[in-house]
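Engineer: Here is what each chain is made of, one letter per residue.
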Amino acid sequence: AQTVTQSQPEMSVQEAETVTLSCTYDTSESDYYLFWYKQPPSRQMILVIRQEAYKQQNATENRFSVNFQKAAKSFSLKISDSQLGDAAMYFCAYRSRNSGNTPLVFGKGTRLSVIA
Amino acid sequence: EAGVAQSPRYKIIEKRQSVAFWCNPISGHATLYWYQQILGQGPKLLIQFQNNGVVDDSQLPKDRFSAERLKGVDSTLKIQPAKLEDSAVYLCASSGGVGANTDTQYFGPGTRLTVL
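Sequences listed follow chains A and B, in order. In this text, residue positions in the first sequence follow my numbering: the first is 1, and each later residue adds one. In this text, residue positions in the second sequence follow my numbering: the first is 1, and each later residue adds one.
No lab work stands behind these hints: they were computed from the structure. A hint or two may mislead.
[As the list claims (entries may be wrong)] 20 angstroms max Cα-Cα, derived EDC-like pairs, lysine to aspartate or glutamate: (1) B:K71 to B:E85; (2) A:K108 to B:E85; (3) B:K44 to A:D81.
[As the list claims (entries may be wrong)] Cβ-Cβ distance ranges computed for the label pairs, FRET-style: (4) A:S28 to B:E14: 40 to 46 angstroms; (5) B:N52 to A:R97: 23 to 29 angstroms; (6) A:S28 to B:Q80: 36 to 42 angstroms; (7) A:K73 to B:N51: 30 to 36 angstroms.
All of these numbers come straight from a predicted model, not from anything done at the bench. Backbone N, C-alpha and C fix where the C-beta goes; we use that ideal spot for every residue, glycine too.
Given these sequences and hints, build the entire structure.
Structural biologist: Quick look at the structure:
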């Protein structure tokens, strides 16, 4: 079974600075997706960024980028120019690509605080 | 495009009572998921539907939980009787649209259940 580990329960960053959230995962599969989701206090889980394992290029979405290290099974999220609205729980998630739509396996999350 | 809708947003019941949650996925999404998110943890899959058929319910406590997806659209999740440990946020997600994001899961706002 796949597992996802987020070793940082809480992180904080000054407004306009850069922060990196860590994620490692364990799988025997070679084809999969990785995601970062943001969950603000409203509880709505919002997709931040996704990465296909077969792609070597790291995904970027505006101020959000990932460092995907397939051999090390590491998938970190970098948030640049942090804004107050970035404060939330961030979940790293894994999804197998083997057969159809499969469920997400989530880590325990990292709570990010942004200091004005 | 309307997002995933869920109701109610909050529910408080006493143990041994029954409760039902409703989910309306994004139009055209064939796959629907119910996740349980206990405080301080990442969401965990309870059940996955493909159209109106169950794909995976291995983590659903079938002695008290049931779910159905009539006509492959809306879904209801029921708990009867509820236990204290069922206190959690219940998230509904859907996937299966067209285009590049066909396998991305989109989440509803969740229902926070408190069992007293």
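Engineer: So which of the earlier hints does this model not fit?
Structural biologist: Numbers 1, 3 - these are the hints that the structure violates, sorted from lowest upward.
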